[in-house]
Each structure stands twice: as structure tokens, then as C-alpha cells.
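Construct the entire structure; sequences and hints are all you get.
Protein chains in written order, with my numbering: chain A, 36 to 343; chain B, -18 to 252.
Below 20 Å or equal to it, Euclidean Cα-Cα: the simulated EDC-like pairs (lysine to aspartate or glutamate) are: (1) A/Lys53 - A/Glu179; (2) B/Lys205 - B/Asp111; (3) B/Lys249 - B/Asp(-10); (4) A/Lys104 - A/Glu50; (5) B/Lys75 - A/Asp313; (6) B/Lys58 - B/Asp36; (7) B/Lys83 - A/Asp313; (8) A/Lys53 - A/Glu77; (9) B/Lys75 - A/Asp323; (10) B/Lys23 - B/Asp57; (11) A/Lys38 - A/Asp203; (12) B/Lys231 - A/Asp72.
Some chain B residues near chain A, calculated using beta-carbon distances under 7 Å: (13) Ser70; (14) Ile77; (15) Ser158.
Source of the hints: derived by calculation from the structure; they are not laboratory data. Bear in mind the structure is a predicted one, so any value in this text is a computation, not a measurement. Here a beta-carbon is modelled for each residue, glycine too, at the ideal position from N, C-alpha and C.
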Amino acid sequence: MSKAIKKVIAEFLSEEAKVNKDIVVLCSDSRGSGALDPYAEEHSGQFVEVGIAEQNLVGISAGLASAGKRPFAVSPASFLSTRSMEQAKVDVAYSHTNVKLIGISGGVSYGALGMTHHSATDIATMGSIPGLRVYFPSDQYLAEALMKEFVSDSEPAYIRIGRNAVEDVYADGKLDFTMDKAVTVQDGTELTIIACGELVYEAKKAAETLAAEGKSVRVLDMYCLKPLDTEAVLKAAKETKAILTVEEHSPYGGLGAMVAQLTAAEYPTKVRSLTLPDAPVVTGNSADIFHHYGLDAEGIVKAAKELL
Amino acid sequence: MDLRAKAIDIRKDIVTLIHHAGTGHIGGDLSVTDILVDLYYKQMNVGPDKVDDPDRDRFVLSKGHCVEALYTILADKGFFSKEELQSYSQYLSKFIGHPNNKIAGIEVNSGSLGHGLSIAIGMALAAKMDNRPYRTYVVLGDGECDEGSVWEGAMAGPQYGLDNLTVFVDRNRLQISGTTEDVMAQDSAEARWASFGWNVLSIPGNDMDAIDAAVDLAKRTKGKPTVIIANTTKGCGVSFMENQAGWHHKVPTADQVAAAIQELDERKAAL
Ligand SMILES: Cc1ncc(C[n+]2csc(CCOP(=O)(O)OP(=O)(O)O)c2C)c(N)n1
Ligand SMILES: [Mg+2]
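Okay, here's the thing in C-alpha cells:
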């Protein structure tokens, strides 16, 4: 099965808005790309369209939250994590307003539209803001589990999701979820692959290929980039021989950088990171781009073998 | 050259290119085509032999998603070949879905809306500082004018008396989610820009003669920048695309391309 995470989020919010009248969804001419047309029709009184104005989007969300609402600001991750970064820093995180920033069409999912539309630095930028949590869900079940937390908790957060439908990492009802704890997708003893977002599925496929060749590989779904599940990382450092991180993000300030920083201080371990380059990516769709930079299952298998 | 005939040929190439690539922003391409044709074939001092000429006119497509219209014209003008452009949006192509200045003829990268006006102001200011004769042109979308940064630029243009700057607002009254008036009202665009101190011209934006006359008038206006509110039709020239929000970035099927080309040919014959 596969499903676009934006649909899961939109459907969840549609249901939730029926019982929680404080839920407000805000868009910046991004209603269609957020799969929010049904929500906007059903809950017009709990929907705010600000036009192509991401700073206004986040500022208004902060004001709504400070007046007791539960705003979910939905906008392309590229613009949300850059144009409105100061609003996220000051009006949301610093003022501690309960705004959920939902970055859609994230990473390189806009493909050939190019760097203006890619969000390859958002773990670094949004994660560096004190008080702002960062989540990259991997599939529909994980996204739903996160949404259940987000409608009831009181802390701001940034969530990045992709544009396309993603294959399920977990079987229906089989996700063993504890908030802010990495999910062990598969256990193993020789190597740990830590991945986030859409690439968890590629890591899982890679581990299956390696298992067929007799290699025991652990796969962790680190959907919680901040707060990072440090316990799971250190456990992996102690129990397996090396760590391979996989992320749809620049080499700087992302998952690999955080894992390396943590292990270097606490339990020095060989860490290798598969990332997007520190450059505009090649032209192509996300599958092309993942393949080009060795972020797909094939590339992960290759890098894993070099570590094993 | 009959600029109206040229604009029709360019439209045919745009529709074909987007179908071939399987991606593109066809509605906004067709609404801005006449403006680009007047600028590139008549008004601007630009050309493949002048890409590094310090006195070339400067152009910024701030509504960068309409790059297919720009690429088509740059290819036709010989900045690069039409064959090369066939790789548009394909794996490893240098032609991506927004303007990129690795491509000959493109000055600055755009695609994130709300940047172009400030950049154009910088270019126009530099011309004043260096006493250079070039003019700077920028095209904004009307939805793009939702961005606050546009209005920071709108304040700065008259502040510096930039009469060497001409701004077009492609006032097609549509953005992605529907009409501009429903999403975030822009009326009266004319009154807004006038209140910021601009010389404001409001024209039928797909009328070649009106565009050309407005650009001439802007050149003669001293002491302040000119904004031309071009009242255009999104999807202009292909009736089933006209004024339809859905054609913002839909890709035409082979049958739709054939119908579009037939209609454009008929319009050309009727000129
Ligand atoms: C900062 C930013 N936010 C959002 C987008 C996504 N986007 C691309 S085109 C578009 C609508 C533009 O409407 P308009 O400016 O009226 O252009 P036109 O109608 O001429 O196509 C939007 C929201 C973007 N490119 N940049
Ligand atoms: Mg428009």
C-alpha cells in the first residue's frame, strides 16, 4: 500500500476539526498541494487562506495560537522553512505559541522545479531554532501517530513531508509508536542504518537485500530529528559495528551530522552519512535524484557493504 | 516583424514544449507571452551577442514559474538551440522549471515569488550609479503581489526615483487556488501602486500595440518608476484554457495540443 502523507494529515484534520473547534488550518495558496480542498469546504470557519505570503501565514498562526487556537500552517517546506523562518523563530518558538508548521512537498519532491522549490536544509535551519521540534514521518501510519500527538500537545513543531505517495514502511496496525522514540523497523547486529522521512522505506528495502545475503542490519526510523532519540543512537553505536545515516537533506546540520556529533562525544563509532550534495541537485524527479546521489536502496546497499 | 504573429508562434511552441516535458505552468506562460514578445523582439537591447554587454537591458522574470515562455523566446532568439531545449525538465537537463542564470540570457535565478522586484531595483540603481543607459524590466504575477517583499520594493522604487525601471504586473486575476480577489484581493492594483508613488499605466495586457505604447511611455517618464498593470487573460490564445484556474500547471494531452495549435493557427490566419 502507498498513500501521500499530505492526504493522511488533511483527512485527520478534517475529522479532528469536527470535534475540536479550536483547530484552524492555514494555507498560503497551497490548499490544493496540501490536499486540503475537502477540509476547506467542510470547515470554512476553521480555515484561513493568506495568499502567497508565508511570513503572514506563520505570524497569523502565532497570533491565533496566542489567543487559544490550535493552528496548523500548511505551506511548501521550501518556503515555510526559509521565507518565514524568522516568524518561526520569534513568533512561534521564542514566544512559545503552539503552532504546527506543516512543510509539504518537502525535500526534493518538486524535482525539476529546482533549488528554489527544494527544502534540503530544513533539519539544520528549523532544528537550530531553540524550542522548535522537527519531525520527518516516513509513512502514513507514522504520520497519523504524530498527528494524534500534535492535536493534543502544547509545543510548537515543524513537520516535513514529501509530495508523492510513499510506500508503507509499517503494516496496518503494526507500528509500535512511542513519541520521540525511534522505531526499530528491523533489528540487526552488524550495522545500523538510521534514516528519516521517505528514505526509511529505501533503507528498509536495502536491509532486506542485505539480509538475503546473510548480513544482519538494524534499521531505525528516526522520524524525530529533534528531539533526537539519543538513546537509540548510542545503543546502535554500542551493539553494531558502524552506523550509516540516510537523509533527504544537505550534508550540514542534518541527521548524519547530529548522529556523528553525538557518537563522537559519547561513544566514538564509525558513522557514514548519505545525503544530498552541498550544491543544487541535478535535474530530475525525486527518484532520479535519489538514485543519482546513492540515496535509494541500491545506493544504500552499496554504502552498507563498504562499511560491513 | 509582425509581433502578433510572433506571439502566436511562440504560444504554439510553449504548448508543445510543456506537453513534451510533461510539466510546466501553461496558464501564466500564455498570459505573459505578449509582454515578453514586445520586450524581446522590439523594446529591449538584448541578444545572444550581448549577454555580457554592460549596457544590455536587464530582464527579471519574477514570476519564475513561467520559464517555459522565456525559454521558448530565448531559443527562438538564438541564445541556445531549440533542440537543446527539448531536454527541458528531463534527467540531467540544464533547463529546469525556473529561470537559472547558468543559461545564456537569464540574469538571475527566480522561482520563489516576491524576489524579482528588489533585484530589479538593485540593477536599476546600479545603472544610475554608473551612469549607464540600460533599462531594467521585471514581470510580477498578480498572486505574487501577496508577498510583503513586493511592497518593500514598491516603496523603494520611487524613493530612489528609478525612472529606468519598468515593472509589469501580469494581472490575470488568477493564482493557484482561484481568483486573486477570493484568495487575497488585489483591487485596485492601480490605486495601490499609485499611492506608493509609481507612474501607473493600466492596459489590456494581451494587446501588443497597448503593451508597446506603454513601454514607450514609461521610457519617457522622468523621476519615477513605471508600473504597467497588464490586464491579461490566463491561458490567453487557447480558449479552453482561458480564465481557468486549473490550467495554472496542468499539462495538455496530445489531443488538447492539437486543438490548441489549430486554434492558434486560425487566430494567426485571421490577423
Ligand atoms: C514564495 C513562493 N510561495 C509559493 C510559491 C508556489 N507558487 C508557484 S506559482 C504560484 C501562483 C502564482 O500566481 P501568480 O503570481 O498570479 O502567477 P500567474 O497567475 O501569472 O501564473 C504559487 C503560489 C512560490 N513559487 N513561491
Ligand atoms: Mg495570476
